[in-house]
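J.: Read off the chains here:
Protein chains: 2
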Amino acid sequence: MQKECRIFEALQNKLTFRQRLQYMKHYFPINYTVNVQFEEVLRAANITRLRDQNVSELSLRFLWHSVNSQVLLKIWAVLLEKHPSWEYTRDLCLLFEQLAEEYENCNQGNVDTHIWDVVEQVLTGDAGSSRKAVHPKALLDNCAKVMWLLYGKLCK
Amino acid sequence: MQKECRIFEALQNKLTFRQRLQYMKHYFPINYTVNVQFEEVLRAANITRLRDQNVSELSLRFLWHSVNSQVLLKIWAVLLEKHPSWEYTRDLCLLFEQLAEEYENCNQGNVDTHIWDVVEQVLTGDAGSSRKAVHPKALLDNCAKVMWLLYGKLCK
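Protein chains in written order, with my numbering: chain A, 1 to 156; chain B, 1 to 156.
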């Protein structure tokens, strides 16, 4: 867990409310939205519900990481290199890439079947999945809040 | 014309290619568009055509000013005060406001009827007018190019 917690700490420093507000709200046009899959809107309430269903913590972290890697790439894709949020978003993408190594050993054997299916759908961009237009800041708010739920105690 | 030419000069300094690129392209998400009325897309080719129809130069300047005042307000309206293009857009709006005084005496007596009707439609946001989704930079490119056509020789 040591490396995972180091990355969690770095993400925490990058995902403060002030930075989410500045880079994902102030620097975007009013009411600007990014199209994501329905499953990419992963809220704290979803985690609570999944925990109630006894989904394992590893599965939940794997889900959070997979969803938000995709979400960040989608936000990054709408920015030119000279956009003032470009570097911030790239830095987040890089931290998620580093974290990916920690989930390399996740497979159908140690991840809950339902979660595995959702992750597969998110990663393949399944055309059957319904779409949602979401504000970039709302997406990063979800990312930060769920991260806290999953890593807060673990990395204390 | 003296005051008009001073404002033209100030606008020229604000509407350089470098600034239009930075504030209206780099600082917006890729493919971001603003909804404008069909008549608010006023290109150099329109001016050439209207000149061929012997529309007066005063009418053309009045048209250009009315259209671009509206266009700038529409771009400004999608920006929060902390957006890095907010101040730039506000400065342009202020210059257009200063210029408005020069067209205060324009009326149905000294402006070509066709142009007067178009300006009325633009200012009232006539619901009957068709809409176009246009990139902010393309709107300011039109603004700058037409300005050159109308003021370039006049303010030499």
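Warning: the hint list may mix true and false statements.
As the list claims (entries may be wrong) - Listed below are several chain B residues computed to face chain A (Cβ distance under 8 Å; list not exhaustive): (1) H26; (2) Y27; (3) F28; (4) P29; (5) L80; (6) K82; (7) H83; (8) P84; (9) L150; (10) L154.
Said to hold, decoys possible - Listed next, the stretches of chain A that the computed footprint assigns to chain B, with coverage defined by at least 3 CB atoms under 8 Å from CB atoms of chain B: (11) 17-27; (12) 52-63.
What the hints assert, rightly or not - Computed list of chain B residues with no C-beta within reach of chain A, every gap over 12 Å: (13) K3; (14) L21; (15) Q22; (16) Y32; (17) E57; (18) E81; (19) S129; (20) K132; (21) P136.
None of these hints come from the bench; they were simulated from the model.
Glycine included, each C-beta is placed from N, C-alpha and C at the ideal position.
J.: State for each hint whether it applies.
T.: Comparing the hints with the structure gives:
no. : hint  : verdict
1   : H26   : holds, 4 Å
2   : Y27   : holds, 6 Å
3   : F28   : holds, 7 Å
4   : P29   : holds, 4 Å
5   : L80   : holds, 5 Å
6   : K82   : holds, 4 Å
7   : H83   : holds, 6 Å
8   : P84   : holds, 5 Å
9   : L150  : violated, 29 Å
10  : L154  : violated, 35 Å
11  : 17-27 : holds (count 4)
12  : 52-63 : violated (count 0)
13  : K3    : holds, 34 Å
14  : L21   : violated, 9 Å
15  : Q22   : violated, 7 Å
16  : Y32   : violated, 6 Å
17  : E57   : holds, 36 Å
18  : E81   : violated, 8 Å
19  : S129  : holds, 22 Å
20  : K132  : holds, 17 Å
21  : P136  : violated, 9 Å
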